[in-house]
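> Residues per chain are reported as follows:
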Amino acid sequence: MSQATLRIQKISGHAGAVSGAGMQRDMKEKQVCKLVDTTTCIGCKACEIACQEWNDLPFAATSFNNTYQTMPDTSWNYWNLIRFQEHTREDGTFMWLMRKDQCMHCADPGCLEACPADGAIVQYSNGIVDFQTANCIGCGYCITGCPFNIPKFNPATRKVQKCTLCADRVAENLEPACIKACPTGCLHFGTKDDMKDLANRRAKQLRENYNWANAGVYDPEGVGGTGVIYVLHDTTKPELYGGLPANPSVPWTVKLWKHPLKWLGNLAMIGGAIGLFTHYLRFGPKLEHKNGDGAAGGGQGGAH
Amino acid sequence: MGASDYLLPNNRVLRYNFRERMIHWSAAVSYVYLLLTGLAFWSPWLSWIAVVLGGGWVSARLHPWAGLIFTFAVLLMYAQWADQMHETPADKAWWAAMNHYISNEDEQVPPAGRFNGGQKFLFWSFFWCGILLLLSGVVLWYPVQFPAAVRLVAIFIHPVAALITIGLFMLHVYMGTAYERGAFGSVIRGDVSRAFAMRHHRTWFEDLVRAASPRK
Numbered sequence: 001m002s003q004a005t006l007r008i009q010k011i012s013g014h015a016g017a018v019s020g021a022g023m024q025r026d027m028k029e030k031q032v033c034k035l036v037d038t039t040t041c042i043g044c045k046a047c048e049i050a051c052q053e054w055n056d057l058p059f060a061a062t063s064f065n066n067t068y069q070t071m072p073d074t075s076w077n078y079w080n081l082i083r084f085q086e087h088t089r090e091d092g093t094f095m096w097l098m099r100k101d102q103c104m105h106c107a108d109p110g111c112l113e114a115c116p117a118d119g120a121i122v123q124y125s126n127g128i129v130d131f132q133t134a135n136c137i138g139c140g141y142c143i144t145g146c147p148f149n150i151p152k153f154n155p156a157t158r159k160v161q162k163c164t165l166c167a168d169r170v171a172e173n174l175e176p177a178c179i180k181a182c183p184t185g186c187l188h189f190g191t192k193d194d195m196k197d198l199a200n201r202r203a204k205q206l207r208e209n210y211n212w213a214n215a216g217v218y219d220p221e222g223v224g225g226t227g228v229i230y231v232l233h234d235t236t237k238p239e240l241y242g243g244l245p246a247n248p249s250v251p252w253t254v255k256l257w258k259h260p261l262k263w264l265g266n267l268a269m270i271g272g273a274i275g276l277f278t279h280y281l282r283f284g285p286k287l288e289h290k291n292g293d294g295a296a297g298g299g300q301g302g303a304h
Numbered sequence: 001m002g003a004s005d006y007l008l009p010n011n012r013v014l015r016y017n018f019r020e021r022m023i024h025w026s027a028a029v030s031y032v033y034l035l036l037t038g039l040a041f042w043s044p045w046l047s048w049i050a051v052v053l054g055g056g057w058v059s060a061r062l063h064p065w066a067g068l069i070f071t072f073a074v075l076l077m078y079a080q081w082a083d084q085m086h087e088t089p090a091d092k093a094w095w096a097a098m099n100h101y102i103s104n105e106d107e108q109v110p111p112a113g114r115f116n117g118g119q120k121f122l123f124w125s126f127f128w129c130g131i132l133l134l135l136s137g138v139v140l141w142y143p144v145q146f147p148a149a150v151r152l153v154a155i156f157i158h159p160v161a162a163l164i165t166i167g168l169f170m171l172h173v174y175m176g177t178a179y180e181r182g183a184f185g186s187v188i189r190g191d192v193s194r195a196f197a198m199r200h201h202r203t204w205f206e207d208l209v210r211a212a213s214p215r216k
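Chains F and S, in that order, give the protein sequences.
Letter by letter, the first sequence follows residues 1 to 304 in our numbering.
Letter by letter, the second sequence follows residues 1 to 216 in our numbering.
One chain only, chain S, in its complex shape:
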């Protein structure tokens, strides 16, 4: 896709194409199932979640398969986004202005590219936690086939990695729905307003405009 394809009518900007949105939602739906069934196994106070989802036995059978779907989606995500997720000096400046970011003083936040430092952090954290969850999850899936020492590591790593992703997930959902208005539409319909693009991903947007400009 050329840069001009990203600039849509009515002052809209294409943020995520269909493929990106599909992969995002494959990961999201499988993750939510994993989260709900995982929480049911995490605490007896949350066992009712498994009851709603067909019982503990059914949840224990399906949880690993959902994990494979999630892993597959994360790998696709890696293939499509890893190149865009390398940290740049601009990201360091962005992190340094975190206090302005969280208090909505966006004028004092340095401009970000297509993904800002926080999004890159989310991506890599989810990627590496996904790898840890996969490796430990496979061990827990086949309890008899692995040596006891490996299983004892896995039984601890799995909830730790899961808890990290839960923190990231809560933050991600909060920012994607309540906090950054317009962001949720970008991952549903794919587009954002030029105002959103300017405010949150100024370098990306300006590069798009420049590249699409016939004068250049």
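With the rest of the complex left out, here is chain F:
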């Protein structure tokens, strides 16, 4: 019996729709997507705990920094973090911004681009970007390549870990653990098309009915779109939401290194080797025992 039958269709005492209910569930060959509606997140951290539980991650000590955030940053054993920001609006009113931070599963992933280890990072046909830890060499280039600061170094194994979008659950037509745990319906999961549609409808609602003129959907083009999209009260200021980058992209130095420099370097190395060998064939060695007296055409004259 497939675990897909464990999909929840009704929840007791639950405000709003069941997360992802009514969405297309045939994910084969389709890009999957997580929708995070920051406007309805209450910061309960149920998704954080569900992530820890499902992925069997050991909880690490945290610190209290006068904030309603579980810990300062995501870590190798804490893949899902509600970023919390106290924000004062221009009219002096006050709001709490909550953003569920995790791997964005970019269509054009900077981590994968930067990774030098064969098979350490893969992108599945459903769009999930997954680390294959067995192949990871622990160089940390993915950390540098990621525009969202997601991959985290595990000092014990010297390898890098991050959110898998619960690829194991999704393969069984189940939603990721975080989605299943969300009590407000601010998290949804389905195909990218469905999630975009739902997100746009919610953003329209926010613009037309809730006086959020700049409400919109965060699905950044610079990384080819993401497998996690946000509905934000104000898409013009994504940085407010715990440093969500306005225009993320695969870093240009990574692109420069991986493409033109690689070809140039390979050509130079092979060309250099051919050049040196050709020089040897053309001119041959400078023999040690040629007469050193400056006489032209001395030939192999023997030692002094």
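I should point out that these hints are in silico values taken from the structure, not numbers from a laboratory.
Built from N, CA and C at the ideal position, the CB exists for glycine as well.
Do not rely on the hints blindly, as some may be mistaken.
A few chain F residues that face chain S, going by a derived Cβ cut-off under 7 Å, partial list only [unchecked claim]:
| hint | residue |
| --- | --- |
| 1 | 59 |
| 2 | 117 |
| 3 | 118 |
| 4 | 137 |
| 5 | 138 |
| 6 | 143 |
| 7 | 251 |
| 8 | 253 |
| 9 | 276 |
| 10 | 280 |
| 11 | 283 |
| 12 | 285 |
| 13 | 287 |
| 14 | 288 |
Quick partial rundown of chain S residues pointing at chain F, CB under 7 Å, derived from the structure [claimed, not checked]:
| hint | residue |
| --- | --- |
| 15 | 47 |
| 16 | 152 |
| 17 | 159 |
With chain F fixed as given, assemble chain S onto it according to the hints.
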């Protein structure tokens, strides 16, 4: 060491003393390890090198330490040779005769001192590339501790500097083994023939002979 200590029996001349040879080979052995593991990270087509050397993970752990050994050797090299590596007018004349040098018309190449213009170029290029590799390498070694902008520069500088050294290395190995016969022995046993000294480092050799001469 006095000049006469450089003039050995059997018409041999001491080119590099034991200390110089040790430092050279410390740099050389660590560089070759860095080159091999670096190439394994450079291209997936060369990943097999890392497999031979204990796997990608092991190579990634040891590469930075080998880099520290290499840097240390380069700094020792700087301490022992930097004084002898300043460019002189004779070096400029030597560079100008490059076409004769590469076509083995050594009679038309101006005499060189202990190090010719090309060797000085190799020394300074390796020195400065070594500094760049060290600085960028430390950043890549501790990916979390440095700001993203610094890491993004380092991730590009490191292979660029490495490629420059690979070009220099290929040239250096070619000249030291195949091209200039006698040069390889000079960095193994330390000595060269007087013919070699006259041919490649005439000013140096003549100065040695003059300084060692009792008539002077």
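> To test your reading of the hints: which numbers does this structure violate?
1
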